[in-house]
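Student: Protein chains in written order, with numbering that gives the first Met the number 0: chain A, 0 to 428; chain B, 0 to 469; chain C, 0 to 343.
Since the hints were derived computationally from the structure, they do not count as laboratory data.
The beta-carbon is built from N, C-alpha and C at its ideal position, and this holds for glycine as well.
Any given hint might turn out to be false.
Stated by the list, open to error - No more than 27 Å apart at the CA atoms, straight line, and that leaves these computed lysine-lysine pairs for DSS-like:
#, chain 1, residue 1, chain 2, residue 2
1, B, Lys263, C, Lys196
2, B, Lys263, C, Lys320
3, B, Lys246, B, Lys336
4, B, Lys353, B, Lys336
5, A, Lys71, C, Lys224
6, B, Lys263, B, Lys353
7, B, Lys246, B, Lys296
8, C, Lys224, A, Lys129
9, B, Lys336, B, Lys296
10, B, Lys336, B, Lys392
11, B, Lys433, B, Lys454
12, C, Lys291, A, Lys129
13, B, Lys296, C, Lys207
14, B, Lys336, B, Lys102
15, C, Lys207, C, Lys233
16, C, Lys88, A, Lys64
17, C, Lys291, C, Lys196
18, B, Lys263, C, Lys88
19, C, Lys320, C, Lys224
20, B, Lys263, B, Lys336
21, C, Lys320, A, Lys129
Said to hold, decoys possible - Over the 10 Å line for every Cβ pair with chain C, so calculated as not near, a few chain A residues:
#, residue
22, Ile51
23, Leu100
24, Gly184
Stated by the list, open to error - To spell it out: a stretch of chain C is covered by chain A in this simulated footprint if at least three of its residues, at any positions, have a beta carbon under 8 Å from a beta carbon of chain A; those stretches are:
#, segment
25, 37-44
26, 62-75
27, 224-233
28, 280-290
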Amino acid sequence: MRVFLLVVFGMLLMGGVAQAHPLSNLSVNHYDGLRVFPDRVELRSVVDSAEIPTLQDRDFVDARKRCAERAKSLNAMADEQELRFEVHDADVVRPPGEAGLPTMRLTCEYTALLPVRGEVEVTFSDSYLKDKPGWREITVAGVDVAVSGAPAESITNELRNYPSDLLSSPLDVRAVRFVAQPGEGTVVAPGALGEATKAAVGLVGDLTPVVGIGAVLLSLVLGASHAALPGHGKTVMAAYLAGSRGTRRDALLVGATVTITHTAGVLVLGLLLSVSSVIAGESVLRWLGVASGLLVAVIGGVLLRSAVRSRGRERHGHGHGHGHGHGHRRAGLVGMGVAGGLVPSPSALVVLLGAIALGRTWFGVILVLAYGLGMAATLTAAGLLLVSLRDRFGHRFARFRKYADFTPLGTAALVLLVGVGLATRALAG
Amino acid sequence: MPTSNKQRLRRGAIAAVVVAAAAAIPAAQASSHREAPLIAADPAVDNTDVYAFTSPDRPDTVTLVANWFGLQEPNGGPNFYPWATDARYDLNIDADGDAVPDKTFRFTFNTDDRRGNAKTFLYNNGPVTSINDDNLLFRQNYSLELIEGNKTTSLVRGGRAAPSNTGPASFPNFATIRDQATSKIPGGGQVYVGPSEDSFFLDLRVFDLLYGGNLKEVNQDTLMGYNVNTIAIQVPKTMLALKGDPKRNPVIGVWSDTERRTLKLDPGKATPQGPFVQVSRLGNPLVNEVVSSANIKDAFNGLEPVNDAKVQALLDRVNDPELARLIQQIYGIPAPKTPRADLVEIFLTGITTKAGGPIKADLNSQLNNADVDPKRFAPSEMLRLNMSTPVTKDPNRLGVLGGDLQGFPNGRRLADDVVDIEIQAVEGAALTGKLVPALAKGDRVNGNDVRFGDKFPYVGLPSNRAVNSR
Amino acid sequence: MWKTIPLLAALLAVAACASPQAATPAAATQTSSLQRNAESLQAKLRRTPADAAAWAQLGATHVELARVTFDPQHYSRAERALTESLRLKPEGNGEAFIGRGALANARHEFSVARDWGQRAVSALPDNAQAQGVLVDALTQLGDDSGASVALQRMLDLRPGVASFTRAAYHFELHGRLDDAREALNRALESASSEEEKDFCRFHLDELKGRTNDEALQVYGGLVAKVPSPDYLVKYGRALDKAGRPAEARQQYDLALQQLRLLGGDDLTAALIAADHGDPAEALRFAEKEWAKRQSVFTADAMAWALQAGKRSAEALPYSDKAVALGWRDPEVLRHREAILGSLR
């Protein structure tokens, strides 16, 4: 999910849309990112000062000294024990703000000892410059430690981007309470992918032939990697191909359908969103999610019916009915592809909207097309791989034959279930 | 990827992108000229509800309950919801039907703040077990006067208002405090002033949704767990009835209002003091939602009942309620024919055969009082109670529409489901005698979450748990 | 092998559905009643996004939040919420007109605010807030009689903290300091939120006058919170009196830098430039504001900018106008004495 924020940030930063400080030139914004390790807590503390407080701040000498001072306003207790934050790194940058005035972004890296052997309750509060207006955000992530009770992801991307949804209030979180215990860490989306997306959007802003080709290639890669991430559409498609004894042609068909549906979907939604309000976009995504889920469920239902019928036939000794239901199957595959591509990938959408915002709509369209092709490539490749794996190794499992007879039925039921699940979730979300 | 995050992100990403282009609005500086509060809520003087019913355990008396300061969140912290000390809290009775109060029970407050000595900002330092506990540092006292024309009688002096319930640690037994805050009135009455759990139950979202166009999301008591400031007063029926005779003159009109003194800017005066003006008024429940509208709401709050009939906009709203038209749009249930003489009876005259109205019953209009001069009768919006209607053993939440003549709109009991009743009434149920089936479930909140008491002051004890902790 | 795939799929599906909801932090956030109001409106709008009145109220609440928190991001939020309200209901949307007017007043676009105020009053003739928008705009535009009429109407419609604080300002501008105090005391008595009470107490203290130590403390604290030009100048003045001219100079410089680079209020800029900068620049600022509105405030700025440029004879008529209502602000009187002194 960090990916998308990076995308947005990349666009804002490189696209040159926003010049003034995202909030006001009076604000001082705070972010504390806690990472809990089995033996310690690391804290990245960012203070983002807008133009005027930066001007006003005459006492600033060096970042390390400031970070040491800042530590005094941090208060953390692990059960009954107070945590002491030591500065291990400090950095300050002064990005130019409005009217050529500097702003200041101070980043302090602290460490505090905290052995997480059993369950430990931690409270953390930050009262630095508590009277100044500005955002305040705190996140807590576990690294090989399970944490609960606080958000893990920064919604401002560590004070680089400030969501401005009118129906949510600006963050003013000055304290958190969370529980840490030995266990699995917090899953964070791969960073490299995010960087790549950022670059792709950034490229849109500054377009030369080389850059253009680069951006197209990058979009291909992005699409391919998006499709490689786990998702229900793909899972279901795989299950379907496996269960319905698909051929290589089927795999290609699904890939093509996904690409066409996805590209068309992104284009339509993107153009819609760029002329309509935010709320419309949200609900469209939701209804598309519902539609996609229902489509999958319908296909599951049809599959289930034909699987039940064909099992019936087999019992009567007709053997494997390879010949029946080909038309049905093809329609099912296309439907599956449509379902897989119906909900636009947010990153593709962002690429397109970014391009629109920068006045390069046509290039955005090309990028989305490339993105879809990338997706299709992965999906088709996965499908092909599956089919050939099955063809090659399938016979070795001959002794599981009787179970194999249940597979189409099981697959169909699963597809139905997942479809219903997807639709319900989209509806509830 | 966890769904919720993913969706939130989509939302965030899309919102940010769409807004980015328009975000370069120069931020204005807040400075230089005096910027005074403008959108200042004034909940301490805002009426929320009025109830009037024959006391079930003392049928020779009537209990009047009026609430102010809605939506008090009892979140355990040092939250206090004081009565305004510069206002008059009035409960008005009109028994002769001229829309001018014959009797006004007027409550005024002063504050006894002992925190200065104790050097604390808390309202109590330690548990409060009685109303005179030294730990109780913020106290409010009230005077109750009865105003009849030019005559003013003092009924209670130095009455103690029960304090806001700041939590179980501060008030281990609020019921005791409430009993101690109940005072006797000369002539055989009693009065309670202090917080209570909001007796009104409804899904406020009904109105959101009616106006938003989707009546699906109902059945949550939106006021559950919130407290209000309550004045409850129980007096003999003889004290309220015209000529002191509830047999001949059983009907009374009831409404409450709040007044605050204004300022006069004219130079040359010794002090800038101005007269008291009415800032809030309430008789029938939900009158702002069902009858009034944004455009006349402000005027209505300042309007005295005697002038109601002169405000054409108000009469128009009763005769052609927007709610009926909204329901027609949403449900396709045709709105009854206008003008709505039946609603005029319910809201403005009381149900009677003597005003030429369509409802063939004599229930609760002052015109049915034997000693009322019909020439002086003035239609006005107030809650009308026939004190001679016997107490129903098993009350029906739909009141008169449910065949229970003791319920709303004949006065109002705490458990009357006024939302559902008014929606049905607006759909014409009072005229047809039939409930509109599609709306029969109404807001699907059919009772309050806290049980009402069976003796005075009947209202629920104030909640002391944070609303969102439930 | 391929038979394991459905199993895998099932696992994935279960994992995806069972992933935890984003936990809300048990945050110790400080929420004011205004903030709570904004949040309940947001909740309402999530249910019924087509509610024009709720959007308008949200917008007006953001204007109020900007005033209280000094966080101008609320202005852009207000603007967007009000735009949405007016998109949904462009005609007769009195509540949105009020919000628009309040926003324009906050941005010192007083003639725009007057227009919105008038539209608000015609849509909601009995609404005190609509009158309040008009009072603020007319006061700043120098229409004293118009402002008085609207203020009296506001007081009669809704005596309360909003009208009493405005009455106090009215009395102050007319030199009726006792009445101003009484009005502020009444405002304090009827205030229902801490922000409102703080506002009343602050201005009661301003009326009473502060010792220089108190001024150092109060304005120093305010500047640390919100380094707005107004507060910087007041803090600078206190520093000057305390014999700390170098620090005082820093405050004036910071104020001037802000006003020159980021724009803002030309009235304040004129006064600071006249005292601590370039008289020609001061006059430029003052004339710019005078062209927009001829009020006691701009008259004083004109007078003082002219006086700074040694044009006392031209300054006097402006100074006369500045005190015509009876305004006895110490700064205004200081300007006037200097002008009269150099004419003697």
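Student: For every hint, state whether the structure bears it out.
Tutor: Status of each hint after checking the structure:
For the suggested pair lysine 263/B and lysine 196/C, the alpha carbons sit about 22 Å apart, so the restraint of at most 27 Å is met. In summary, the hint linking lysine 263/B to lysine 320/C is supported, as the alpha carbons are separated by about 25 Å, within the 27 Å threshold. A hinted pair counts as satisfied when its Cα atoms are at most 27 Å apart, and lysine 246/B with lysine 336/B does not qualify at roughly 37 Å. Between the alpha carbons of lysine 353/B and lysine 336/B the distance comes to roughly 22 Å, so the proposed pair stays at or under 27 Å and holds.
About 19 Å separates the Cα atoms of lysine 71/A and lysine 224/C, which keeps this hinted pair within 27 Å; it holds. Restraint check for lysine 263/B and lysine 353/B: not satisfied, since their Cα atoms lie roughly 45 Å apart, outside the 27 Å limit. Restraint check for lysine 246/B and lysine 296/B: not satisfied, since their Cα atoms lie roughly 37 Å apart, outside the 27 Å limit. Note on lysine 224/C and lysine 129/A: the hinted pairing holds, with a Cα-Cα distance of about 9 Å set against a maximum of 27 Å.
Among the hinted pairs, lysine 336/B with lysine 296/B is consistent with the structure: their alpha-carbon atoms are about 25 Å apart, no more than 27 Å. Between lysine 336/B and lysine 392/B the CA atoms are separated by roughly 36 Å; this puts the pair beyond 27 Å, and the hint is violated. For the proposed pair lysine 433/B and lysine 454/B, the alpha carbon gap of about 34 Å is over 27 Å, so the pair is violated. A hinted pair counts as satisfied when its Cα atoms are at most 27 Å apart, and lysine 291/C with lysine 129/A does not qualify at roughly 38 Å.
Restraint check for lysine 296/B and lysine 207/C: the C-alpha separation of about 39 Å exceeds 27 Å, so the hint is violated. Distance hint between lysine 336/B and lysine 102/B is unfulfilled; the C-alpha atoms sit about 38 Å from each other, more than 27 Å. A C-alpha spacing of about 16 Å is found between lysine 207/C and lysine 233/C, which places the hinted pair at or below 27 Å, so the restraint holds. A threshold of 27 Å between alpha carbons decides the hint, and for lysine 88/C with lysine 64/A the separation of about 55 Å lies outside it, so the pair is violated.
Proximity of lysine 291/C to lysine 196/C is assessed by CA-CA distance (about 33 Å); at most 27 Å being required, the pair is judged violated. Taking the CA atoms of lysine 263/B and lysine 88/C, the gap is near 36 Å; set against the 27 Å cutoff, the hint is violated. At most 27 Å may separate the alpha-carbon atoms for a hinted pair to count; lysine 320/C and lysine 224/C exceed this at roughly 35 Å. Annotation: proposed proximity of lysine 263/B to lysine 336/B is violated, straight-line Cα distance about 47 Å (limit 27 Å).
This hinted pair does not check out: lysine 320/C and lysine 129/A have alpha carbons roughly 43 Å apart, beyond 27 Å. With a least beta-carbon separation of about 5 Å from chain C, isoleucine 51/A fails to lie farther than 10 Å from that chain, contradicting its non-interface assignment. For leucine 100/A, the non-interface assignment is contradicted: its Cβ lies about 6 Å from the closest Cβ of chain C, within the 10 Å cut-off. Look at glycine 184/A: its CB is around 14 Å from the nearest CB on chain C, clear of 10 Å, so calling it non-interface holds up.
For a cut-off of 8 Å, the count of residues in the segment 37-44 of chain C with a CB near a CB of chain A stands at 4, and the three-residue condition holds. Evaluation of the coverage hint for the segment 62-75 of chain C: fulfilled, as 6 residues show C-beta separations to chain A shorter than 8 Å, against a requirement of three. Interface restraint, the segment 224-233 of chain C with chain A: holds (4 residues with C-beta to C-beta distance below 8 Å; minimum three). Using a Cβ-Cβ cut-off of 8 Å, 0 residues of the segment 280-290 of chain C lie near chain A, which falls short of the minimum of three, so the contact claim is violated.
Of the numbered hints given earlier, the model fails hints 3, 6, 7, 10, 11, 12, 13, 14, 16, 17, 18, 19, 20, 21, 22, 23, 28; all others are met.
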